[in-house]
Amino acid sequence: MDDATISAGDLMANADIACHISKRMGRNQTHIYEQSSDERNIMGTELGWSTRVREALENNRFQLHFQPIMQMNDIDLVNLPAQDGMLWQRHLNDVDKVYSYEVLVRMKGDNGELHYPDSFIPTAERFNLMTAIDLWVLEQALKELVATGMNVNKTRLSINVSGHTVDSDESLIQIKELIKQYGVNPASLTFEVTETSAIANLEQANDFITELRKIGCRFSLDDFGSGFCSFSQLKNLPTDFVKIDGQFVKSMARGATDRAIVTAMNDVAHSLGRYTVAEYVESPEIVRLLKICGVDKVQGNYISEPLHHLPVGNVVRLHNNQRELN
Numbered sequence: 105m106d107d108a109t110i111s112a113g114d115l116m117a118n119a120d121i122a123c124h125i126s127k128r129m130g131r132n133q134t135h136i137y138e139q140s141s142d143e144r145n146i147m148g149t150e151l152g153w154s155t156r157v158r159e160a161l162e163n164n165r166f167q168l169h170f171q172p173i174m175q176m177n178d179i180d181l182v183n184l185p186a187q188d189g190m191l192w193q194r195h196l197n198d199v200d201k202v203y204s205y206e207v208l209v210r211m212k213g214d215n216g217e218l219h220y221p222d223s224f225i226p227t228a229e230r231f232n233l234m235t236a237i238d239l240w241v242l243e244q245a246l247k248e249l250v251a252t253g254m255n256v257n258k259t260r261l262s263i264n265v266s267g268h269t270v271d272s273d274e275s276l277i278q279i280k281e282l283i284k285q286y287g288v289n290p291a292s293l294t295f296e297v298t299e300t301s302a303i304a305n306l307e308q309a310n311d312f313i314t315e316l317r318k319i320g321c322r323f324s325l326d327d328f329g330s331g332f333c334s335f336s337q338l339k340n341l342p343t344d345f346v347k348i349d350g351q352f353v354k355s356m357a358r359g360a361t362d363r364a365i366v367t368a369m370n371d372v373a374h375s376l377g378r379y380t381v382a383e384y385v386e387s388p389e390i391v392r393l394l395k396i397c398g399v400d401k402v403q404g405n406y407i408s409e410p411l412h413h414l415p416v417g418n419v420v421r422l423h424n425n426q427r428e429l430n
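Whatever position you read off the sequence shown (first residue = 1), add 104 for our numbering.
Keep in mind that the hints were calculated from the coordinates and are not lab data. There's no promise every hint is true.
Straight-line C-alpha distance at most 20 Å; calculated DMTMM-like pairs for lysine to aspartate or glutamate [what the hints assert, rightly or not]:
(1) Lys280 to Asp327
(2) Lys247 to Asp222
(3) Lys339 to Glu389
(4) Lys284 to Asp327
(5) Lys284 to Asp273
(6) Lys284 to Glu248
(7) Lys212 to Asp188
(8) Lys354 to Asp222
(9) Lys284 to Glu243
(10) Lys247 to Asp273
(11) Lys258 to Asp400
(12) Lys354 to Glu386
(13) Lys354 to Glu307
(14) Lys212 to Glu281
(15) Lys354 to Asp327
(16) Lys318 to Asp362
(17) Lys258 to Asp344
(18) Lys212 to Asp222
(19) Lys395 to Glu162
(20) Lys258 to Glu248
(21) Lys395 to Glu243
(22) Lys212 to Asp180
(23) Lys318 to Asp273
(24) Lys258 to Asp327
(25) Lys201 to Asp180
(26) Lys258 to Asp273
(27) Lys280 to Glu248
(28) Lys212 to Glu162
(29) Lys212 to Glu409
(30) Lys258 to Asp200
(31) Lys395 to Asp362
The calculated label-pair distances, taken between Cβ atoms and stated as ranges, are [as the list claims (entries may be wrong)]:
(32) Glu159 to Ala360: 22 to 32 Å
(33) Pro388 to Asp200: 19 to 29 Å
(34) Asn405 to Ile136: 17 to 27 Å
(35) Trp240 to Asp271: 41 to 51 Å
(36) Thr361 to Gln167: 50 to 60 Å
(37) Asp180 to Asp344: 22 to 32 Å
(38) Glu274 to Tyr220: 25 to 35 Å
(39) Asp273 to Asn164: 21 to 31 Å
Ideal Cβ placement from N, Cα and C applies to all residues, glycine included.
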């Protein structure tokens with residue numbers, strides 16, 4: 105540092121910033137702090153978020169939402185409703201069906217506002233807080249699943265796990281213990297891993313997936329198509345489902361290119377024995393196009409907005425869920 109007036113505390117803080125940035129760049133990297141850059145402001149913001157995340161974990165200020173996922177075969181394409189959420193209400197009235205949901209996490213701020221994952225997940229990843237969040241989400245989801253009572257055997261949950269969790273042998277042990285503790289059938293759980301987290305340590309990801317599949321859990325490769333190595337990961341990882349990247353799904357109605365891409369991804373997944381899920385389904389038209397593509401399951405606000413709780417088998421609670429979120 106050129107400034108002779110800088111304090112020892114500031115010097116150590118600047119060194120800490122450089123250390124965090126070098127860690128973010130990957131292993132065996134170095135970074136030189138530049139006083140003229142905005143690195144301090146950026147890191148200050150991230151440190152602020154890391155404090156909020158830690159406080160949220162300590163004070164139970166995370167919140168789960170559950171977004172329904174429907175089998176394409178359960179959808180009557182001739183009578184698609186215009187109103188969002190009506191498809192799921194019809195489905196919920198059929199007591200013989202299986203109900204599937206993706207578990208979504210939100211963080212409650214000091215003023216009660218809800219922060220979406222894009223706000224806090226990047227910082228949680230940089231400060232090694234993701235495994236704590238993942239385990240919190242899993243335990244709360246298991247509690248919610250058990251609370252459905254008679255519906256527990258026909259409810260399926262998809263739960264996201266981060267690369268930090270996939271890389272940890274200790275996390276694997278804790279996940280197994282939680283499933284055993286709450287007495288939930290492992291076949292009710294699908295863990296979603298992103299391509300990015302799988303690429304970071306392919307061998308470890310393979311071991312993690314294999315061990316949980318042994319007890320009956322299933323796995324989904326999330327955001328399929330978002331990276332350059334998608335098809336390689338699909339071949340190498342023993343997953344059961346493929347979730348097609350929503351950016352392609354959202355654009356299907358606007359052009360033939362995205363429809364062709366979704367069709368190709370769906371065909372490749374099927375040829376390798378994987379079921380497919382399309383997210384960001386926002387209109388009846390998208391549902392019809394996905395049916396033509398051959399996609400197995402659909403998820404998005406047209407099907408249903410995320411719910412505050414898992415329904416216990418009646419439409420009244422579903423209506424209450426939706427009113428709470430509106």
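We went through each hint and held it up to the structure:
1. Lys280 to Asp327: Violated, at roughly 25 Å.
2. Lys247 to Asp222: 25 Å, violated
3. Lys339 to Glu389: 31 Å, violated
4. Lys284 to Asp327: 29 Å, violated
5. Lys284 to Asp273: Holds. Lys284 to Asp273 sits at ~17 Å (cutoff 20 Å).
6. Lys284 to Glu248: Holds: Lys284 and Glu248 sit about 15 Å apart, inside 20 Å.
7. Lys212 to Asp188: Violated, at roughly 26 Å.
8. Lys354 to Asp222: 19 Å, holds
9. Lys284 to Glu243: Given pair Lys284, Glu243 holds - Cα atoms ~11 Å apart, limit 20 Å.
10. Lys247 to Asp273: 23 Å, violated
11. Lys258 to Asp400: 18 Å, holds
12. Lys354 to Glu386: Holds, at about 7 Å.
13. Lys354 to Glu307: 33 Å, violated
14. Lys212 to Glu281: 28 Å, violated
15. Lys354 to Asp327: 13 Å, holds
16. Lys318 to Asp362: Not OK: Lys318 and Asp362 at ~36 Å, beyond 20 Å, violated.
17. Lys258 to Asp344: 19 Å, holds
18. Lys212 to Asp222: 14 Å, holds
19. Lys395 to Glu162: 44 Å, violated
20. Lys258 to Glu248: Within the cut-off at roughly 14 Å; holds.
21. Lys395 to Glu243: It is violated: about 35 Å lies between the C-alpha atoms, which goes past 20 Å.
22. Lys212 to Asp180: Outside the cut-off at roughly 38 Å; violated.
23. Lys318 to Asp273: Cα-Cα ~15 Å, so holds.
24. Lys258 to Asp327: Judged against 20 Å, a Cα distance of about 26 Å means the pair is violated.
25. Lys201 to Asp180: At roughly 14 Å apart (the allowed maximum being 20 Å), Asp180 and Lys201 satisfy the hint.
26. Lys258 to Asp273: 30 Å, violated
27. Lys280 to Glu248: Between Lys280 and Glu248 the Cα gap is close to 17 Å, so the pair holds against 20 Å.
28. Lys212 to Glu162: With a Cα-Cα distance of about 12 Å, the restraint between Lys212 and Glu162 holds, given a limit of 20 Å.
29. Lys212 to Glu409: The given pair, whose Cα atoms are some 19 Å apart, holds under the 20 Å limit.
30. Lys258 to Asp200: Between Lys258 and Asp200 the Cα gap is close to 9 Å, so the pair holds against 20 Å.
31. Lys395 to Asp362: 15 Å, holds
32. Glu159 to Ala360: 22 to 32 Å: Distance hint for Glu159, Ala360 is violated at roughly 49 Å.
33. Pro388 to Asp200: 19 to 29 Å: 25 Å, holds
34. Asn405 to Ile136: 17 to 27 Å: Violated - the Cβ-Cβ distance for Asn405 and Ile136, about 46 Å, lies outside 17 to 27 Å.
35. Trp240 to Asp271: 41 to 51 Å: Violated: the Cβ-Cβ distance is about 18 Å, outside 41 to 51 Å.
36. Thr361 to Gln167: 50 to 60 Å: About 38 Å separates the Cβ atoms of Thr361 and Gln167, which means 50 to 60 Å is violated.
37. Asp180 to Asp344: 22 to 32 Å: Once the Cβ atoms are compared, 26 Å apart, the range 22 to 32 Å for Asp344 and Asp180 holds.
38. Glu274 to Tyr220: 25 to 35 Å: Given range 25 to 35 Å: holds, Cβ gap about 28 Å.
39. Asp273 to Asn164: 21 to 31 Å: At 27 Å between Cβs, range holds.
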